[in-house]
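There are 2 protein chains.
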Amino acid sequence: MLITGAYQTKFGELWDKSLSDLIFEAGSNAMKDAGVKPAEVDLVLVGNMLSGQLEGQEHLGAVAAEALGINQAAAMRVEAACASGGVAVNQAVNAIKAGAAKTALVIGAEKMTDKSSGEVALSLMGAASEAERQAGLTFVGLYGLMARVYFDRFGLKKDDLAHVAVKNHRHASLNPKAQYPYAVDLETVLKSSCVASPLHLFDCAPITDGAAAVVIQNRRSTSHDQKRVVAIAASQVATDSVSLTKRQSLVEIGATKTAVKKAYLEAGVEASEVDVAEVHDCFSIAEIMAVEDLGFCKKGEGAKAIKRGEFDFGGRLPVNLSGGLKACGHPVGATGVKQVVELALQLRGEAGERQVKGAKVGLAHNVGGSGGTAVVHLLKKI
Amino acid sequence: MLITGAYQTKFGELWDKSLSDLIFEAGSNAMKDAGVKPAEVDLVLVGNMLSGQLEGQEHLGAVAAEALGINQAAAMRVEAACASGGVAVNQAVNAIKAGAAKTALVIGAEKMTDKSSGEVALSLMGAASEAERQAGLTFVGLYGLMARVYFDRFGLKKDDLAHVAVKNHRHASLNPKAQYPYAVDLETVLKSSCVASPLHLFDCAPITDGAAAVVIQNRRSTSHDQKRVVAIAASQVATDSVSLTKRQSLVEIGATKTAVKKAYLEAGVEASEVDVAEVHDCFSIAEIMAVEDLGFCKKGEGAKAIKRGEFDFGGRLPVNLSGGLKACGHPVGATGVKQVVELALQLRGEAGERQVKGAKVGLAHNVGGSGGTAVVHLLKKI
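Residue numbers (this note's numbering), protein chains in the order written: chain R, 1 to 382; chain A, 1001 to 1382.
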């Protein structure tokens, strides 16, 4: 299974661009990157969570196909809250393996900044359970609760979270596509206002517009530049209960552990072999749990490892070189696809100033809601 | 590819049941019908269009998995407007063919009657293009435009449409799960109020709550009652432009023609071999175009063939024995799955009073929006 084309739009508050504009920019450029014409695409999958609630637009598969001049292909939207992009990639892989498609275009896209942040915050609670919404919880509130339990268990303090944002902003300063392409210092992070204790503003990913797209094909053709083709070695999705109240543990994301275990098995890869990773840092506590759940360090040691620079650019396993959700931005449905785009660039050697030398194995980790869904992709340089 | 379990809830204005209730009822009974335990299900796909807009609930894959006690499985929502149920079945087939799942539970569900019909009508326009929404078109308006073009081309009159509703209500009178399980006479249909000329009230499918579910597996086990297992011989999805303005023709649904051509090829079946069909009659004109586009009769002759009783229970090819969208009801995301459930019952010989004797081949036809998406499934008795 191969990624033959990849593209990310600029992420940010893109008030001059509509959802259709973003879908068109990402989709057409990914096809161009793959050397694929619209008529060759036989499957279009769109990862998007909120366009129904925020824009009244459903049916995005057919909308995207029409905008891109792709006729007759199969097309649909795939949704799993913030993991919508990841599951769309997964379904494309399945369809190609099944022989139902040869050339799939996967587009993740979200347009969030045309509505008030209150409306967006409310719509994002569509990722949580009905009981959690009725209890008045917010999305950051759910992660704040998990952070509290984690703090109690492992003796963390607020200051321990701050290194996540500092690292990811430093990485974003090397990524011109990032929403916030600039570094921040520890003091700025620590002095930012409290949103849902213990999480402060800089512990939270922003609201973002943006899109990303990949072309997935099952074989290389002579028209491809062989050095620019990257293999998908594993694609796994797993769920856990949407409600925090029904989870076995609140210091880990069970769905992540299930998905990554299957992914390592599928790819024949161990955690120690991963050279570069994009993980789901919707809140700083999420990145800390992710690096543990993915096997990059032991449970309870994520914050220390991040503080020591193990996951920095230049460290033993760079995590979120794109800037992550925190600093590259988090256009919900686009995020899972953007992670795969970032890894494709890294494995191709096209990541510019943030290029990891000799990267051969990349891991993308995309979470829906507070952990109801997790998607893990493993990419390999051919 | 096999359907080993199938279940439909009662369709109707189910004010005492929530979306979760409907998902649970359909999902748990389909598993029970298949003799499958929650722990055996490794993929949950939910077809749903509007729960984000109408209930603020996204992330339905994980929500359904939690409600049904299915842990760790992959789960996600698949959406293509009114074809959401059909594309969910299609993605399950792909995932199993790909080896990514062995036992998939596909649930189509929609809860529509808790909001005003005005709100629902607005949300349904999410199936159409942005330009069509901005132009003030309604969903029935879009089909009204197609009906006008069709009338002009083939010399039809309003009276010619009425036989669709009479037939489908007659069929629904034999289906206790139908929203409107009673017959109506021609005069009632003709005297109903005009909604969007030439379409009157009885030309339109209602707003409905309901769910349907199937269990799909790739092999029979000894635990299955072999006579109750039905094969999926073809599963095809195709798109056409969402906007009417960009269609090559307005007297046919191009996506239907593309999907059914591929489906007949995949299954090695001809239109003349189909014994029973469920087609997408969201409006009477849609059923007339469908029976033509699916190859059941020539273009322009659909209304006459329906009037002659060719598609009646007892006719040469019974169409919409469930009552169709018109009389069984149209809980949007459930419809595509319900069609497959109805055909499974027919091929098993479990369709009660509306059983087609000796039915061996069934065709399900599900359309998204005004024809942006079409899904065709062919089922065979083993």
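These are calculated hints, taken from the structure and not from any lab test. Remember, predicted model here, so these are calculated numbers, not experimental data. Note that CB positions come from ideal geometry on N, CA and C, so glycine has one too. Warning: the hint list may mix true and false statements.
Here are the simulated DSS-like pairs of lysine-lysine, each with C-alpha atoms no more than 30 Å apart in a straight line [said to hold, decoys possible]: (1) R:K227 to R:K10; (2) A:K1357 to R:K102; (3) A:K1262 to R:K261; (4) R:K157 to R:K298; (5) A:K1262 to R:K97.
Some chain R residues near chain A, calculated using beta-carbon distances under 8 Å [to be verified]: (6) D33; (7) V78; (8) M125; (9) A127; (10) E130; (11) A131; (12) Q134; (13) A135; (14) G136; (15) L137.
Quick rundown of the hints versus the structure:
1. R:K227 to R:K10: holds (25 Å)
2. A:K1357 to R:K102: violated (40 Å)
3. A:K1262 to R:K261: Violated, at about 37 Å.
4. R:K157 to R:K298: holds (18 Å)
5. A:K1262 to R:K97: The given pair, whose Cα atoms are some 18 Å apart, holds under the 30 Å limit.
6. D33: violated (23 Å)
7. V78: Result: holds, 6 Å to nearest chain A Cβ.
8. M125: Holds: closest Cβ of chain A sits about 7 Å from M125 (chain R), inside 8 Å.
9. A127: Holds. Min distance 5 Å.
10. E130: E130 (chain R) check passes; min Cβ-Cβ to chain A is 6 Å, inside 8 Å.
11. A131: This interface hint is violated because 10 Å lies over the 8 Å limit.
12. Q134: violated (10 Å)
13. A135: violated (14 Å)
14. G136: violated (13 Å)
15. L137: violated (13 Å)
Hints 2, 3, 6, 11, 12, 13, 14 and 15, counting from the list given before, are not met by this structure.
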